[in-house]
Amino acid sequence: MMEAPDDSPLEPELLDAARSWREPPPAPRDEMWREIGRRRTARRLRRPDWRKLGWPLGIAALIALGIGLGRWSAPGGRVVPLPVPTVAVQPAPDNNSITAVANEHLSRTEAFLTEFRAAAHSAQVPDHFAATSRDLLLETRLLMDAPSLQDARVRSLLQDLEVILVQIAQLHNDNRPDDVEIITNGLKQRDVLPRLRTTIPVGADARHSRGES
Amino acid sequence: MTDQELIARVLDGDAAAERALYEAHVDRVYRMAWRLTGDAHLAEDCTQDTFVRAFERLAGFRGESSLSTWLCAIAHSMALNALRKTKRFRERETDLELVPDVATPGRKSEPDLKERMGQALDRLAPGYRSVFVMHDLEGYTHEEIGVALGIETGTSKAQLSRARARLREMLAAHAGDWQ
Chain Y
1 MMEAPDDSPL EPELLDAARS WREPPPAPRD EMWREIGRRR TARRLRRPDW RKLGWPLGIA
61 ALIALGIGLG RWSAPGGRVV PLPVPTVAVQ PAPDNNSITA VANEHLSRTE AFLTEFRAAA
121 HSAQVPDHFA ATSRDLLLET RLLMDAPSLQ DARVRSLLQD LEVILVQIAQ LHNDNRPDDV
181 EIITNGLKQR DVLPRLRTTI PVGADARHSR GES
Chain F
1 MTDQELIARV LDGDAAAERA LYEAHVDRVY RMAWRLTGDA HLAEDCTQDT FVRAFERLAG
61 FRGESSLSTW LCAIAHSMAL NALRKTKRFR ERETDLELVP DVATPGRKSE PDLKERMGQA
121 LDRLAPGYRS VFVMHDLEGY THEEIGVALG IETGTSKAQL SRARARLREM LAAHAGDWQ
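Just so you know, the protein sequences line up as chains Y and F, in that order. According to our numbering, the residues represented by the first sequence are 1 to 213, in order. According to our numbering, the residues represented by the second sequence are 1 to 179, in order.
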């Protein structure tokens, strides 16, 4: 017969001693968040677009299977020397995936800057804007460093975004109205939001780039 | 804002909501990762990978458990994988039956109860340790532990009971300190 589990809690002295075992220090929240952003962007940039690779890979696999079956079923199992067609499977240009990542990033940045502009009218810009700006800045710079991103319009936009995001990231708790005004003026002068909206294709929001319809 | 509202905003691509979700859960995830790995670098690595994975899979989160429990399940799996990778898992996975009493007499300097408890916990079988850490140290319920570890609630209760019993056994020689 199975023994019923003893539900009695651990003695207070033992529990107290156990609590001090591997007592975690405070979580390094900002450092970890920056690293999470870096890892997510790196994964998005690395991830191949299987939908685009699917057809060429499928066709190549079928041809290879056909050749294999042909050779195997040749009379006497002898390998009949046939000219082997060379199938050059061109990987889908990386531009497709990088464009999708860039569009997602621009879409998020556009939402962020719109929210920032609205908050700028209030007396105090909330703290979280600086933190979010740092995350977006990291992604902006990763995209700027991606050689496969060749669209000159997007590159120019990213450069302007970098300047704006740096300014927002440097806002402190005691941000002065002057600082905020400089940023909103920069947004206006560089025509950032209208350019963002015309660059992002219709429907190319975060959901689109995740492959949802 | 509820978890469901937060998730909906994250899925809409709201960067601020992503940060808010992270802020709401990071401490709990990090604490568990730290307790399970006992290593600053591994704990950070597990926490980061937990959130990377969670954001990637958030669209598939059905809400059958709480978001916190779901994150905890990912974190637990990440922590065990990390330990396996670093081979520390094997070193610590000592068969409990073969473990000598951590309170072996005759040492030059006798460690205090906290040290003895630390040694006992290090030697506890990983399954027992996970349940003990989650329930007694981090305050998870048996239902949450069941979901996170993929075990029945009753199994969680039984493992906790056995974990406590093992700890008492290993510290029996110094019962005067705690009885």
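If you are wondering where the hints come from, they were derived from the structure by calculation, not from laboratory data. Note that the Cβ used here is the ideal one computed from N, Cα and C, for glycine as well. Check before you lean on any hint, since a few could be wrong.
Listed below are several chain Y residues computed to face chain F (Cβ distance under 10 angstroms; list not exhaustive) [claimed, not checked]:
(1) Glu-11
(2) Glu-13
(3) Trp-33
(4) Ile-36
(5) Glu-162
(6) Val-166
Numbers of the earlier hints that this structure fails to satisfy, in rising order: The structure conflicts with hints 5, 6, although it agrees with all the remaining ones.
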